[in-house]
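Undergrad: What follows is each chain in one-letter form.
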Amino acid sequence: MKKEIRNDTGTDMDLLRFITIGSVDDGKSTLIGRLMYDTKSIFEDQLRAIEESSERRGDEHVNLALLTDGLKAEREQGITIDVAYRYFATPKRKFIMADAPGHIQYTRNMVTGASTAQLAIILIDARTGIVEQTRRHSHVVSLLGIRHVLVAINKMDLVGFEEDTFDRIRREYLEFAESLSLHDIRFVPISALNGDNVVDPSRSMPWYKGETVLGTLESVEVSSDHNHNMEDGRFPIQRVIRPQSAEHPDFRGYAGRIDGGTFKPGDSVVILPSGTLTRIDKIYSYKTELEEAWPSMSVTFTLADDVDASRGDMIVQAGSLPSVSQDINLDITWLNDRPLNLSRKYLLRHTTRETPVLVKGVEHKTDVHESRPVTGDFTVSKNDIARLRIKTADPIFFDPYERNRATGSVILVDEFTNETVAAGMIR
Amino acid sequence: MKYKLNHLDQLESEAIFIMREAAEQFENPVLLFSGGKDSITLVHLAHKAFYPAKIPFPLLHIDTGHNFPEALEFRDGLAEKYGTRLEVGYVQESIDKGIVAEEPGLNPSRNGLQSATLLEKLREGKYDAAFGGGRRDEEKARAKERFFSHRDEFGQWDPKNQRPELWSLFNGRKSPWESFRVFPISNWTEMDVWQYIKREGIDLPSIYFAHERNVVNRDGVLLAESPYNRLLPGESYEKKKIRYRTLGCMTVTGAMVSDADTVEKVIEEVAAARVAERGSRSDDKRSEAAMEERKKNGYF
Ligand SMILES: Nc1nc2c(ncn2[C@@H]2O[C@H](COP(=O)(O)OP(=O)(O)O)[C@@H](O)[C@H]2O)c(=O)[nH]1
Chain A
0 MKKEIRNDTG TDMDLLRFIT IGSVDDGKST LIGRLMYDTK SIFEDQLRAI EESSERRGDE
60 HVNLALLTDG LKAEREQGIT IDVAYRYFAT PKRKFIMADA PGHIQYTRNM VTGASTAQLA
120 IILIDARTGI VEQTRRHSHV VSLLGIRHVL VAINKMDLVG FEEDTFDRIR REYLEFAESL
180 SLHDIRFVPI SALNGDNVVD PSRSMPWYKG ETVLGTLESV EVSSDHNHNM EDGRFPIQRV
240 IRPQSAEHPD FRGYAGRIDG GTFKPGDSVV ILPSGTLTRI DKIYSYKTEL EEAWPSMSVT
300 FTLADDVDAS RGDMIVQAGS LPSVSQDINL DITWLNDRPL NLSRKYLLRH TTRETPVLVK
360 GVEHKTDVHE SRPVTGDFTV SKNDIARLRI KTADPIFFDP YERNRATGSV ILVDEFTNET
420 VAAGMIR
Chain B
0 MKYKLNHLDQ LESEAIFIMR EAAEQFENPV LLFSGGKDSI TLVHLAHKAF YPAKIPFPLL
60 HIDTGHNFPE ALEFRDGLAE KYGTRLEVGY VQESIDKGIV AEEPGLNPSR NGLQSATLLE
120 KLREGKYDAA FGGGRRDEEK ARAKERFFSH RDEFGQWDPK NQRPELWSLF NGRKSPWESF
180 RVFPISNWTE MDVWQYIKRE GIDLPSIYFA HERNVVNRDG VLLAESPYNR LLPGESYEKK
240 KIRYRTLGCM TVTGAMVSDA DTVEKVIEEV AAARVAERGS RSDDKRSEAA MEERKKNGYF
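Line order of the protein sequences matches chains A and B.
Taking numbering that gives the first Met the number 0, the leading residue of the first sequence gets 0, the next gets one more, and so forth.
Taking numbering that gives the first Met the number 0, the leading residue of the second sequence gets 0, the next gets one more, and so forth.
Source of the hints: derived by calculation from the structure; they are not laboratory data.
The C-beta atom is built at its ideal place from N, Cα and C for all residues, glycine as well.
Do not take every clue at face value.
Claimed, not checked - On the chain B side, residues computed to face chain A include the following (Cβ under 8 Å):
#1 GLU20
#2 GLN91
#3 ARG172
Isolated chain A (complex conformation) (with noise of 0.2 Å):
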């Protein structure tokens, strides 16, 4: 017998996060169980595991969706609830899934697995078109800011795999699109169920030249996008490190992870709120000194003056300031079961800081199914997604949402219960 190697042996691979949104019974489970199965990402025993749950359920093929299900409260409820995520591999890349439910009630789980998200797939019944749901879903990957959108036109096999039908859902597609900020989107005709241009082409619709699912995953180029700013310095400070050991008496870094453009030793930097202008002094990954660092990776700088600087501040090149206010503008989409109070106070947090923030006004709220503003109506609840002013207590350094995703993002606490109750974009 041949063995099979998985694929994800290189130790130089590249890292894709993306996320699967689609609504409830589009194929999505299907759509990952074959992704992952094609991509041999799938155990012997866990295969096992599922032919015989398939059986024990009376399904006729081995239900390769039974791979993606997670919880025991979902198993009996036969839906995906919460965010789940996968992982698998092929030769050329590494890719980290968020299997978001679709379902209106859970536009929150679909916010937090977009959140991360470089690209995401959305599903789309080939038999019903595009529905209320998608426009909901292309919505918060728009509002997200996910640059790269691949819509996959699933059960081809059900509409005897006419390229008509595939063409038509195209064009209104786009048509839609306009009215949203998506920059690159692309058209995959498949057949989960069978395989068609998931992993393999199709034989069924030679008329469909462009890459497959797992081809458009291999190729598309995101290092040049907005989570990967390389315009603007910015260093969030985590934590300072000060070891007043015998051996490093008087070492005093500064730990974080460069949240946007480039950092070499001598490079003239402010740190904010403060406004002290110095130098790097050195970039330390572990023991190794760099000569230069840049977006998500995790180092501690030493700086060449002798300044007071901690966790919340800011250190940003010296050449590309922020905006520094109390006053912003944001979208967002509420979390909590309890609705927005304007008469509270919430804690904002933002990069390493954190601040009491309260909300001056709502100034609308989206209607997510048309993508357009609803007026009149201020009650901002779960799953809602509403434009909001807000005063912080102490100015916070920051770049739009669009510029920067992690130095425009936000989360809103409620102070009493501790929990997340918003995720905010800075416009």
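Following the hints, put chain B with the ligand in place on chain A, whose structure we already have.
TA: For chain B with the ligand alone, coordinates are given in the frame of chain A:
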């Protein structure tokens, strides 16, 4: 392009970010040290995250009393190497105090009992956060776990009421009686861990590599000879060249027949493996929802 990070660099950076964040947000964190490769990797990451300062929290090991002696020896050496305090909670003590009772049967697992000892130790030490080496790819129930996982007063996890976790804005606020579990390597796969171990030259206990040992084959699970296992009539031990993929109680952790005696060979073997990692732990097999149940009860 020049400004890239490969997958191991990205995962390492994420783990370090989370460890630093937890060290700041919680007053008194502790690292749950199970003795396995994932928690050894965690200790290595903690060392890197705070260097040149020492790891700013102690290690806590829950000793089931059914441990591999090699793992215990390794544990003590590791704590010494990094100059961190090591605390040990003994399941035997919880049994002696009557807090929990030993399972009946031939190969009693103490995994379920660990939770009680763990919770007691966490209370005793007033630890408000505990780092764990759990990974989302390990088991279905873990796939939905957060990086910062909220626990109630009883250490219970409520999978239906998890806090949303967005971008890298982690919310560790809580009432004084609540706590968190923090999983910095959530996004790593088994392969990632092995590759990282190789890249970083991380030492592991010898039982991860092929060696000769007396084992008995019980229902397809190879159990090591130990004072805690009894043989059934008709069973006998035989010497085999084996290694372990995960470490747990000697009573339930199955070995695999293997010749892989170096990290490189283990990686080759993992690459070819068609049996999921936890597949050789008989406690997960007990029921399809086993892990989830144990997690709800406060298991790591
Ligand atoms: N004919 C056909 N049926 C499909 C296809 N994809 C999924 N299905 C079926 O549609 C139903 C819903 O699929 P599932 O993956 O559970 O949907 P989910 O709710 O989106 O996860 C199941 O009965 C699937 O077998 C497809 O490409 N063609």
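Undergrad: Using 8 Å as the Cβ threshold, decide whether ARG172 (chain B) counts as touching chain A.
TA: With a closest approach of 4 Å, the ARG172 (chain B) hint holds.
Undergrad: Should the hint that GLN91 (chain B) touches chain A count as held when the rule is a Cβ pair under 8 Å?
TA: Check failed: Cβ of GLN91 (chain B) comes no nearer than 32 Å to chain A, outside 8 Å.
Undergrad: Tell me if GLU20 (chain B) is really an interface residue toward chain A, meaning its C-beta lies closer than 8 Å to one of theirs.
TA: Holds. Min distance 6 Å.
Hint compliance for this structure: hint 2 is the single one not met.
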